[in-house]
Amino acid sequence: DVKVTQSSRYLVKRTGEKVFLECVQDMDHENMFWYRQDPGLGLRLIYFSYDVKMKEKGDIPEGYSVSREKKERFSLILESASTNQTSMYLCASLQVPDTQYFGPGTRLTVL
Amino acid sequence: KQEVTQIPAALSVPEGENLVLNCSFTDSAIYNLQWFRQDPGKGLTSLLLIQSSQREQTSGRLNASLDKSSGRSTLYIAASQPGDSATYLCAVKNSGYALNFGKGTSLLVTP
Chain A
-7 DVKVTQSSRY LVKRTGEKVF LECVQDMDHE NMFWYRQDPG LGLRLIYFSY
43 DVKMKEKGDI PEGYSVSREK KERFSLILES ASTNQTSMYL CASLQVPDTQ
93 YFGPGTRLTV L
Chain B
4 KQEVTQIPAA LSVPEGENLV LNCSFTDSAI YNLQWFRQDP GKGLTSLLLI
54 QSSQREQTSG RLNASLDKSS GRSTLYIAAS QPGDSATYLC AVKNSGYALN
104 FGKGTSLLVT P
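Protein sequences, first through last, are from chains A and B. With the first letter of the first sequence counted as 1, position 95 gets the number 87 in my numbering; the numbers rise by one all the way through. With the first letter of the second sequence counted as 1, position 93 gets the number 96 in my numbering; the numbers rise by one all the way through.
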């Protein structure tokens, strides 16, 4: 079975802190994604990566950056966390051509 | 930009009922459509994937149909059970790898 893991299930940070969310997949997939999910807004794509060191902006990249140094690991970085970044963050990995596997999510609260 | 709408936003039914969840999308030039299930506080699990050339897919008590020309898909759940209680998300893929998600239908099946 494909496994996508995220470093934390729950995270509480303070405004202005630098935050790292880690995602690891064990199936050698090239494509990985970061989404955020908010009530009333659904899932929105932040960034995706189609290979090591390659990335593309999604619909809402502002305030975020990403890092993909190894194929299995895709990190989402909040350079200076703000309260409007309180959300559920979901990582996904794509088995080409069509199947996205999702991690369990990280619920981030920024105080 | 592709917009995906799911109706109803919430649904409560007694156990044993057959039910239909609806998904509509504005751009009919889709590559495929997927239905996902999300349990509270968890990630997404893929239920059914319909390619643009297909009309329906079935898995157990679930049947998903696709009418690309009218921009609609339905998820039919037969003989609902309390374990079916979850949020059901519809997602459409156009070009590229990213998915466009609806906001989901929250389903409660009462014993």
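Don't take every hint at face value.
[To be verified] Distance ranges between label pairs, derived from CB positions:
1) 17/B to 90/A: 33 to 41 Å
2) 42/B to 76/A: 23 to 31 Å
3) 25/B to 62/A: 16 to 24 Å
4) 7/A to 88/B: 34 to 42 Å
5) 88/A to 84/B: 32 to 40 Å
[Stated by the list, open to error] Chain A regions said to be covered by chain B (calculated; three or more residues, Cβ under 8 Å):
6) 14 to 23
7) 39 to 50
[Stated by the list, open to error] Heads up, incomplete: computed chain A residues facing chain B, CB under 7 Å, no partners named:
8) 3
9) 30
10) 34
11) 35
12) 86
Everything labelled a hint here was simulated from the structure, so no lab data went into it. Each residue gets a CB set at the ideal place from its N, CA and C atoms; glycine is no exception.
Here is how each hint holds up against the structure:
1. At about 35 Å, the beta-carbon gap between residue 17/B and residue 90/A stays in the expected band of 33 to 41 Å.
2. The hint said 23 to 31 Å for the Cβ distance between residue 42/B and residue 76/A, and at roughly 26 Å that hint holds.
3. Distance hint check: the CB atoms of residue 25/B and residue 62/A are about 41 Å apart, inconsistent with the given range 16 to 24 Å.
4. Between residue 7/A and residue 88/B the beta carbon distance is about 36 Å. The supplied range of 34 to 42 Å therefore holds.
5. Our hint of 32 to 40 Å for residue 88/A and residue 84/B holds, since their Cβ atoms are close to 34 Å apart.
6. Given as covered by chain B, the segment 14 to 23 of chain A fails the check, having 1 residues with a CB less than 8 Å from a CB of that chain where 3 are the minimum.
7. Here's how the segment 39 to 50 of chain A fares: 3 of its residues keep a CB closer than 8 Å to some CB of chain B, so the rule of at least three is met and the hint holds.
8. Because the smallest distance between the Cβ of residue 3/A and any Cβ of chain B comes to about 14 Å, over 7 Å, the interface hint for this residue is violated.
9. This hint is violated: residue 30/A has a C-beta 10 Å from the nearest C-beta of chain B, more than the 7 Å allowed.
10. The restraint placing residue 34/A at the interface with chain B holds, with a minimum CB-CB distance near 4 Å, inside the 7 Å limit.
11. About 4 Å separates the beta-carbon of residue 35/A from the nearest beta-carbon of chain B, less than 7 Å, and the hint is met.
12. The beta carbon of residue 86/A comes within 6 Å of a beta carbon in chain B, closer than 7 Å, and the hint placing it at the interface holds.
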